[in-house]
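Kindly generate the complete structure, drawing on both the sequences and the hints.
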Amino acid sequence: QTTAMATPQDQVEDLMQQVADENGLELQMEMPGAATGTLAVGTATVEKEQDELTERLAKLRNG
Amino acid sequence: RTRAASSPSPALEQHKALADQAYRSITLGLDCDDKGDRPGALEHYRRGVKELKNAIELPLPTRQDREKAESLNAKMRGNLEQIENRVKELVQAPAMASTSA
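Sequence order for the protein chains is A and B.
Under the numbering used here, think of the first position of the first sequence as 43, with each following residue one higher.
Under the numbering used here, think of the first position of the second sequence as 883, with each following residue one higher.
No lab work stands behind these hints: they were computed from the structure.
Using N, Cα and C, we set each Cβ at its ideal position, and we do this for glycine too.
You may find that some hints are simply not true.
[As the list claims (entries may be wrong)] Ranges between beta-carbon positions, derived for each pair:
{"no.": "1", "chain 1": "A", "residue 1": "Arg103", "chain 2": "B", "residue 2": "Asn936", "range": "23 to 29 Å"}
{"no.": "2", "chain 1": "A", "residue 1": "Pro50", "chain 2": "B", "residue 2": "Arg906", "range": "39 to 45 Å"}
{"no.": "3", "chain 1": "B", "residue 1": "Gln974", "chain 2": "A", "residue 2": "Asp52", "range": "54 to 60 Å"}
{"no.": "4", "chain 1": "A", "residue 1": "Glu55", "chain 2": "B", "residue 2": "Pro943", "range": "56 to 62 Å"}
Listed below in structure tokens is the structure:
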């Protein structure tokens, strides 16, 4: 995995990502303004959430 | 997922975080609405509307991100319209027990 092409910066980032993955954390290194330590939300999850809202809103109209 | 390069971009992560935030507010609003708590519903809906707009309007710098965000944005736009209509209904509906908010 580590090759002569890898720079120390890459290795540091890989290690940080590895630690984050092992602990279920999301790294947001490139976004200083973002809340750090925020748990990542999966794309499928947020789409399901919106579907759920659509259903509940529809029920509201029919009920 | 185990490599930084394959992780979603920070902009997309932000997009999902905003969508999730809006979902929470609107869910609280729906819970209030179900219970007949109109002022509570309005408060959460209005916050949810702002949060949905923040998510939908979040600038996504790359075309790849915009394509990935398209499906979620379409759902959020639909829900935004529904909630705005619901807010109007709640505001206009008579029979408020009191004017307290």
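What are the numbers of the hints that this structure violates, sorted from low to high? 4
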